[in-house]
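Engineer: In terms of the UniProt record's numbering, the sequence shown is residues 1 to 59.
Quick caveat, the hints were computed from the structure, so don't treat them as lab data.
Take the hints with a grain of salt, since some may be wrong.
[As the list claims (entries may be wrong)] Restraint ranges, calculated between C-beta atoms of paired labels, are given here:
#1 58 / 32: 40 to 46 Å
#2 3 / 53: 17 to 23 Å
#3 21 / 46: 53 to 59 Å
#4 57 / 31: 46 to 52 Å
#5 34 / 10: 32 to 38 Å
#6 29 / 6: 25 to 31 Å
#7 5 / 38: 38 to 44 Å
#8 57 / 7: 42 to 48 Å
Bear in mind that the values here come from a model prediction, so they are computed numbers and not experimental data.
Backbone N, C-alpha and C fix where the C-beta goes; we use that ideal spot for every residue, glycine too.
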Amino acid sequence: MKIAGITLGVVILLVSFLFYILSLMQLVPLIIAGPLLFLAILIIFTLLNNHNKFRGFKK
């Protein structure tokens with residue numbers, strides 16, 4: 001499941017990067033493309049950082 005999530009994150013990153021390039025050519029608004037690229041990077045780092053954490057002993 002982790003590999004599928006990372007693969008999906010990379011695909012979303014590539015699409016949002018292309019969308020950002022289009023916004024630099026002033027074909028789409030930059031105010032939409034910038035946050036989309038940020039969210040794609042944030043999702044990838046969240047998926048990579050999510051690991052088993054010690055949550056204490058269960059009673």
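Engineer: Each hint should be assessed against the structure and marked as holding or not.
Structural biologist: Against the structure, the hints:
About 45 Å separates the C-beta atoms of residue 58 and residue 32, a value consistent with the hinted range of 40 to 46 Å. Between residue 3 and residue 53 the C-beta distance comes to about 20 Å, which sits within the given range of 17 to 23 Å. For residue 21 and residue 46, the hinted distance range of 53 to 59 Å is not satisfied, since their beta carbons lie about 24 Å from each other. Separated by about 48 Å at the C-beta atoms, residue 57 and residue 31 satisfy the suggested range of 46 to 52 Å.
As the Cβ distance of residue 34 to residue 10 is approximately 19 Å, the hint placing it in 32 to 38 Å is violated. For residue 29 and residue 6, the Cβ-Cβ distance of about 29 Å falls inside the hinted range of 25 to 31 Å, so the restraint holds. Taking the beta carbon of each, residue 5 and residue 38 are about 18 Å apart, not inside 38 to 44 Å as hinted. Restraint check, residue 57 to residue 7: a C-beta distance of roughly 35 Å breaks the suggested window 42 to 48 Å.
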